[in-house]
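Residue numbers (our numbering), protein chains in the order written: chain B, 1 to 277; chain V, 1 to 350.
Simulated from the structure, these hints should not be mistaken for lab results.
Source: prediction; values computed, not measured.
We put the beta carbon where it would ideally sit given N, CA and C, even for glycine.
Some chain B residues flagged as far from chain V (calculated, every beta-carbon gap over 12 Å):
#1 Thr25
#2 Ser28
#3 Tyr35
#4 Gly44
#5 Lys61
#6 Asp71
#7 Ser146
#8 Ser173
#9 Leu175
#10 His179
#11 Thr234
#12 Val262
#13 Ser263
Straight-line alpha carbon distances no greater than 25 Å define the calculated DSS-like cross-link-like pairs of lysine-lysine that follow:
#14 Lys251/V x Lys61/B
#15 Lys10/B x Lys74/B
#16 Lys254/V x Lys82/B
#17 Lys140/B x Lys7/V
#18 Lys344/V x Lys6/V
#19 Lys254/V x Lys56/B
#20 Lys140/B x Lys5/V
#21 Lys256/B x Lys239/B
#22 Lys78/B x Lys56/B
#23 Lys33/B x Lys194/B
#24 Lys251/V x Lys82/B
#25 Lys6/V x Lys140/B
#26 Lys254/V x Lys74/B
#27 Lys251/V x Lys78/B
#28 Lys78/B x Lys254/V
#29 Lys33/B x Lys78/B
#30 Lys140/B x Lys11/V
#31 Lys56/B x Lys251/V
#32 Lys56/B x Lys194/B
#33 Lys251/V x Lys74/B
#34 Lys33/B x Lys192/B
#35 Lys344/V x Lys140/B
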Amino acid sequence: MESRVNYPIKIQNLGWKYGDRQILTNISLAIEKGYFYSIIGPNGSGKTTLLRNIAKSLVPKPQSVFVEDIDVTKLNSKNMAKRLSVVPQNTNIEFEFTVTDIVLMGRSPYIGRFQAETSSDLEIAQRAMRATNTWHLRDKRITEISGGERQRVIVARALAQDTGIMLLDEPVSQLDINHQIELMETIQRLTKTKEITAVSVMHDLNLAAQYSDYIILMNEGKVVCQGTPHEVITEENIKRVYKLDSYIMDNPVTGKPYIMHVSKDDRLAKHSVPILI
Amino acid sequence: MGFIKKKRIYKYFLILAFIVLAFVITISSTMGVADISFIDSLRIMVSRIPLLGSLIDSESIRQSHYYIVSNVRLPRILLSALIGVGLSIVGSTFQSMFRNPMADPYVLGISSGASAGATIAIVFGLGGIVGGLSIITLFAFLGAILTVVIVYNIARVGTRVTSLGLILAGIAVGLFLSSMVSLLMFFNRDDIEKIVMWTMGSVSAATWNRVGILAPVVILGSVIIMAYARDLNAMSIGDETAKSLGIEVEKVKKILLTVSSLIVASCVSTSGVIGFVGLIVPHTIRLIVGSDQRAVLPFSAVTGAIFMVVCDTLARNLIPPSEIPVGTITSLFGAPFFIFMLYKNKKKVI
Chain B
1 MESRVNYPIK
11 IQNLGWKYGD
21 RQILTNISLA
31 IEKGYFYSII
41 GPNGSGKTTL
51 LRNIAKSLVP
61 KPQSVFVEDI
71 DVTKLNSKNM
81 AKRLSVVPQN
91 TNIEFEFTVT
101 DIVLMGRSPY
111 IGRFQAETSS
121 DLEIAQRAMR
131 ATNTWHLRDK
141 RITEISGGER
151 QRVIVARALA
161 QDTGIMLLDE
171 PVSQLDINHQ
181 IELMETIQRL
191 TKTKEITAVS
201 VMHDLNLAAQ
211 YSDYIILMNE
221 GKVVCQGTPH
231 EVITEENIKR
241 VYKLDSYIMD
251 NPVTGKPYIM
261 HVSKDDRLAK
271 HSVPILI
Chain V
1 MGFIKKKRIY
11 KYFLILAFIV
21 LAFVITISST
31 MGVADISFID
41 SLRIMVSRIP
51 LLGSLIDSES
61 IRQSHYYIVS
71 NVRLPRILLS
81 ALIGVGLSIV
91 GSTFQSMFRN
101 PMADPYVLGI
111 SSGASAGATI
121 AIVFGLGGIV
131 GGLSIITLFA
141 FLGAILTVVI
151 VYNIARVGTR
161 VTSLGLILAG
171 IAVGLFLSSM
181 VSLLMFFNRD
191 DIEKIVMWTM
201 GSVSAATWNR
211 VGILAPVVIL
221 GSVIIMAYAR
231 DLNAMSIGDE
241 TAKSLGIEVE
251 KVKKILLTVS
261 SLIVASCVST
271 SGVIGFVGLI
281 VPHTIRLIVG
291 SDQRAVLPFS
301 AVTGAIFMVV
311 CDTLARNLIP
321 PSEIPVGTIT
331 SLFGAPFFIF
341 MLYKNKKKVI
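So here's chain B without its partners, still in its complex pose (with noise of 0.2 Å):
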C-alpha cells in the first residue's frame, strides 16, 4: 500500500493570509516520493509559510494540503508526527540534554505518556546518528558541540522519526561552508538510500541547484516554475524573480547549473566573459 504513494505531499489551490496581507496564493504542488525539493526565492515570497503550512504549524484550510493522501486538517499531531519530520531554522538549544537524549525526543509519536523507551527505540536512534554522522556525539551535551554537529543531530532525531518525509527550514543558513556541504550531502544521501522525499526551504541558490532534484521556484506568494535545477536556475529566473543580472554556467565537475552574479558594471564588459569558459 505504501509503495503506491508516489507523490507523498499534494497541495491543491492552497491560499494563506496574515491578516489582511495575502502571503500565498492558489498554490499546487505534487511532491514525488524519494527526492530532494528545494524551495527558493527571494525573503518575503513565502517560502516558509507554504512549509509551515505542509508541517501544519500553520494550520491550512482543509483539502488543501495532503500527506499521504490524507487531509492534514483530520490529522492529529501524532499521527501527523509518524508522517512527516521537521528540522526547524533555529535549533539552538538551551537546557542541557546530551545527543542521545535529543535523537530519543524523535520517538516520542510512538511511545505512550506511561512507557519508556524500549531497545527498539535506541537502536533506531543509534541507526539514526550513525546514518548523520553523529554517533561519536552521542554522550556528549547538545549545548558543548558546534552549530554543525547540532544540525546534524537535529537531523538525526527527525530522522528517528522514523518519516516518509522531512521538512527542512534553511537548514544550512547558519553553518560554515564545510558544514553546509556536509549536512546537504547528509540530506541527499538520505533521500537516495531511504527513499526519504526531503523539502528544504534554501537561500543559497548555488546549494539548493547543487544537491536537490528538483526545485520550486516562488516570488509574491505564487510558485513561479518549477523542474529540475537546469529547467529553474536560468538567467531570466533569476533576472524575472530576484531581479538580478547574472551568469550561468555548469559546474565543470557535477554538470549543475551554477549561478554568477554580475553587477551592472560588469554587464558592460560582458564581452570578458566567454574567455572564463
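Could you slot chain V onto chain B? The hints should help.
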C-alpha cells in the same frame, strides 16, 4: 550520559533522597523548646502511621511529648515539606515550559494575587474560619486563582498562548497588584505588620487540617505533571519542535498551567510568599542531573521538601522563643548556596 543509561542509578539516588528526607523530618521533630530524643520522636511518628503504628508501644513516652511531636511539630514539618514539593515541581515546570531559567512559581503573578487577596481580608478584618480554613487563606487562594485567569486571558491570542505573553502579562499584573497592596497598607497603617508578616511567608499556622487539604493537591498535581515530563522536555526545546514531535502543545500547556496554578495557589495561600525555593531547587538539580524532566521533577520534589523542612526548622529554632519568617531563611541560605553552585559549575566548564 543520557537519561536512559542513568535510569537505574537515578532510582537508587531517589531512594537515598527519600531516606535523607525521612531523617531530616525526624531530626526536625526533635528540635524545639521541649527536648525530645531522636528515638522517642521516631517512635511517636511511626505510631501515627496506620497498621505500622500498632506495633509501636507509645505508652512509655510522656504524654506532653507525644502531643508536641504529633500535633504541633509534625503537621508543621509536613506542611513545609509539601510546600517545598509544590513550589519546586512548579518552578521546574515553568522553567521548562517557558524556556526561561528565570521563571519561578510566582512568574504569573500568583504571589501578588495571593497577597492582594490576603491583604483585602486583613484590612477588612475578615478573621473568621470557614471549613477549617481562615478567611485570609481563602481570600489569598481566590486572589491567586483570579490573577492567573486574568493573566492567561491577557496573554491569550485566540486559543493559543505564548510563553513570552504569559510572562509579560504576569509581571504587569503582578506589579499592579503589588502596588495595590502597598496602597492598602498605606491607608491601613494598623494592619501593616500583619500584612508584612503574611507576605514574608510562614508555616507557623500549620494544623493537620491544612496538611490534609494541601497534601492531595500537591501530591496529585505533582503526579500529573510528572506524567507530562517527556512533553516538557520537548517543549523546553521549542513549541514548534514539540508540535512536530506529535505533542498537542496548546492542550498540554493548558493542563500544566491549570495544575501548576492550583498547586502554587494552595501553597501560597497557606504559607504566604516563600521565595527562592521554586527557583533554586530545580536549577541546582539541573546542574547535577541535566535537563531531563523525568529526572529533574522527582529529584526537585524530594530536594524541595528537604530544603523547606531544614529552612523551617532553622526559622523556628534560631532565635527562640521568637520565629524568623521562613521566606527570609530560604533566601538567606538559598542564595549563597546557589551562588556557590553557579561558581563551581562555571569553573568546571572553564
